[in-house]
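Protein sequence lines correspond, in order, to chains D and E.
Here our numbering is used: the first sequence runs in plain steps of one and ends on residue 442.
Here our numbering is used: the second sequence runs in plain steps of one and ends on residue 330.
The hints are simulated quantities; they were obtained by calculation from the structure and are not laboratory data.
There could be a bad hint or two in this list.
To be verified - Chain D regions said to be covered by chain E (calculated; three or more residues, Cβ under 8 Å):
#, segment
1, 157-165
2, 192-204
3, 322-336
4, 340-352
5, 410-418
As the list claims (entries may be wrong) - Which stretches of chain E does chain D cover? Using the computed rule of at least three CB atoms under 8 Å from a CB of chain D, they are:
#, segment
6, 108-115
7, 282-292
To be verified - Straight line, CA to CA, 20 Å or less: simulated PhoX-like cross-link-like pairs of lysine-lysine:
#, chain 1, residue 1, chain 2, residue 2
8, D, Lys214, D, Lys246
9, D, Lys315, E, Lys276
10, D, Lys68, D, Lys312
11, D, Lys158, D, Lys400
12, D, Lys312, E, Lys166
13, D, Lys158, D, Lys312
Each residue gets a CB set at the ideal place from its N, CA and C atoms; glycine is no exception.
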Amino acid sequence: MSLSRMTVVTATCALSVLIATPALAQYKIGISGAATGPASPSYLPHIEGFRTYLRQLNDKGGVNGNKIDFVLLDDKAAPSEAANNAKRLMDDDSVIAVSLMSLSSTYAPMFQAASRTKTPVLLLGQAVCPANAATSQMNPYVFCGGSTSDPNTAGFWQVPLVKALAEKNKDDLKLALVAADIPVSRQGIDNMEKIAGQLKIPVVDKQAIPPAAADVSGAASRIIASGANYVTSWAPVTTAVQMLGALRRQGWNGWFIHNHSGDAEDTLRQLKDPKLVMSPEYAFTVEKLPVFAEIEAAAKKYGVSLPVDTLSLGWASGMVLEEVLKKCGSPCTREKLVDVLNNISVQTAGIYPDPVKWTKDDHTRPASFTAYAWDPKTSSVKRITDWARVSAGKLATVKVLD
Amino acid sequence: MSLLLVILIQAAFYALLGMGYVLIYRATRILNLAHGDLMVLGAFLFFQALVMTGGNLPVAVAVGLVGSAIVGALTYFGVMRPLAGYPVAVGVLATIALGIVLRSLTTFIWTGQTRYPGEFLGQLGKPIQLMAGLSISGIDVGIIVVAAMAMIGFPILLQRAAIGVEMRGVAENALLAAQRGINIHTINAVSWAAATAMAAVAGIFFALKVRLGPDIWYVGLAGFAPALIGGMDSLKGIALGALIVAAAEVLASRFIAPQIAMAAPFLILLVALWIRPWGIFGSKEELERI
Numbered sequence: 041m042s043l044s045r046m047t048v049v050t051a052t053c054a055l056s057v058l059i060a061t062p063a064l065a066q067y068k069i070g071i072s073g074a075a076t077g078p079a080s081p082s083y084l085p086h087i088e089g090f091r092t093y094l095r096q097l098n099d100k101g102g103v104n105g106n107k108i109d110f111v112l113l114d115d116k117a118a119p120s121e122a123a124n125n126a127k128r129l130m131d132d133d134s135v136i137a138v139s140l141m142s143l144s145s146t147y148a149p150m151f152q153a154a155s156r157t158k159t160p161v162l163l164l165g166q167a168v169c170p171a172n173a174a175t176s177q178m179n180p181y182v183f184c185g186g187s188t189s190d191p192n193t194a195g196f197w198q199v200p201l202v203k204a205l206a207e208k209n210k211d212d213l214k215l216a217l218v219a220a221d222i223p224v225s226r227q228g229i230d231n232m233e234k235i236a237g238q239l240k241i242p243v244v245d246k247q248a249i250p251p252a253a254a255d256v257s258g259a260a261s262r263i264i265a266s267g268a269n270y271v272t273s274w275a276p277v278t279t280a281v282q283m284l285g286a287l288r289r290q291g292w293n294g295w296f297i298h299n300h301s302g303d304a305e306d307t308l309r310q311l312k313d314p315k316l317v318m319s320p321e322y323a324f325t326v327e328k329l330p331v332f333a334e335i336e337a338a339a340k341k342y343g344v345s346l347p348v349d350t351l352s353l354g355w356a357s358g359m360v361l362e363e364v365l366k367k368c369g370s371p372c373t374r375e376k377l378v379d380v381l382n383n384i385s386v387q388t389a390g391i392y393p394d395p396v397k398w399t400k401d402d403h404t405r406p407a408s409f410t411a412y413a414w415d416p417k418t419s420s421v422k423r424i425t426d427w428a429r430v431s432a433g434k435l436a437t438v439k440v441l442d
Numbered sequence: 041m042s043l044l045l046v047i048l049i050q051a052a053f054y055a056l057l058g059m060g061y062v063l064i065y066r067a068t069r070i071l072n073l074a075h076g077d078l079m080v081l082g083a084f085l086f087f088q089a090l091v092m093t094g095g096n097l098p099v100a101v102a103v104g105l106v107g108s109a110i111v112g113a114l115t116y117f118g119v120m121r122p123l124a125g126y127p128v129a130v131g132v133l134a135t136i137a138l139g140i141v142l143r144s145l146t147t148f149i150w151t152g153q154t155r156y157p158g159e160f161l162g163q164l165g166k167p168i169q170l171m172a173g174l175s176i177s178g179i180d181v182g183i184i185v186v187a188a189m190a191m192i193g194f195p196i197l198l199q200r201a202a203i204g205v206e207m208r209g210v211a212e213n214a215l216l217a218a219q220r221g222i223n224i225h226t227i228n229a230v231s232w233a234a235a236t237a238m239a240a241v242a243g244i245f246f247a248l249k250v251r252l253g254p255d256i257w258y259v260g261l262a263g264f265a266p267a268l269i270g271g272m273d274s275l276k277g278i279a280l281g282a283l284i285v286a287a288a289e290v291l292a293s294r295f296i297a298p299q300i301a302m303a304a305p306f307l308i309l310l311v312a313l314w315i316r317p318w319g320i321f322g323s324k325e326e327l328e329r330i
């Protein structure tokens, strides 16, 4: 009888403790990205890298003692899907922030929802920064933490890079510009055309390729007919590689300078084309930073079978989010989070050479660029220029390494 | 001259793709909208074998083709056969669902990483100089040769081989064929197997030429326009349909803009549908039956 009473008392006490203990606090974060569809090769690895970082962070106890509950939704790089995701994440799931990792065509519905619900949107992974990010027209809830600077900034590095390579090779430079037929990419090559004009580089052809084109041989033949010996693209890597392949198959032997993508290093390694140059704003694994070993270990632990270099941008995005949440404290509201985002600087262990830094007036990330190519002598990817800090409106100084 | 060569290569690729649509349509009157995803699966089977054998191209091609043929036959028995007797639209919807399932499956197994199996080709991937200003890569030669072989081989098979005669019989009148003792389900499964193997051929070529990833399923849809223009139930129509589509794309891309190139084949398709909705070599009555 007494034992039974003891059991009841114990059970009641235990129940009281359970009821009195608040549920484990969580930061609810939404991820909307191109996990499937034609653009997914450029974005899915970053989503995986980001998830891997958050998983290991949760396993270590989370941030400020809170776990991160991330809701991942696929937008297939389609604006209509992005609109649905925005509604679900911001209205139904009440996330405190959304990480957007997708094509720029998905931005409008997401940004509109961000303004309406006052939810911060972090452009992460490879997401391109809108051209107005450093102006007063920028949506106050959107922050650029992705690897791709706005199209105006990138051109001030990439066109001087083309010129420097042509000078080093003593080539009579004739340039063709290639974009994917999406607004931000077209804007990128329009800007490059202007910069080429400033540098007196003859632009002999300019093309925007539909992202879903099954074949670009006709477009490639036009580039060859134009006499271009250098092609530069500001586009998803799939567009660039498709064009490069079509050019090579028709016997073109010129240089192809692409901006970059999250799988740029992997692409160089697989294609082994010594005249294909990637010019990223982040470090490739050939730089042998300690963080790459960390990513490799985490990928192994969580069964992620993608190459480390394709995961690093997502990993850096996770580092940014961790720091932001740390500063936001607990509980963290959307309003508090926006305040934190407007005044933060985060180091990403060298993945980005500069800190990811935002202020109230500037939601861009300071950008430094470099260039890598395949070196047939060492059978490895090699950095071929120094790093250079680049800002819109100022031509970069490119130093090509020997 | 080089432009003609580009058109020819492109047409050959579209013919390979379109043939899969026609083979299934002839047999089952189903427009297989999972063709692109079956193409991707075949290319991944090839790629997996290529990696596992350290780059043994013939073995990898065999694995890709045989594996795809098995998948095609299983698709018929597992997905399409239970839908026999339902309206054609149900079958078409089933292929859409099948495509989505296959897409998820390939992403799950092989991840979203972009692969470039062309690196295994060595010299085959390099351009061959034919004459001044005219070159062609080994892989493009392969596309033309295989497409030509298929364009010649399939009609001969249908005319001469017993299985081909049975396939024609089932395509013309399944009920009569069944009454004559032909196992129509086996014949339909063979058609699905052959069509899926053709999808794999196109997928392997695309992977070797451009890239491989679960996202390239949309390339498979490029075979749809040539098949419709040539006639959905006509193998000989494919060659002409593919040439028309390829020429429209390449010329629009070369002389107008790449954006127009995407639309050009479909503009031609619209015109073709107004004038001759059953396609250049298609059967009028078959279309009416739909």
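| query | Are there hints from earlier that the structure breaks, and if so, what are their numbers? | reply | 1, 2, 3, 5, 6, 9, 10, 13
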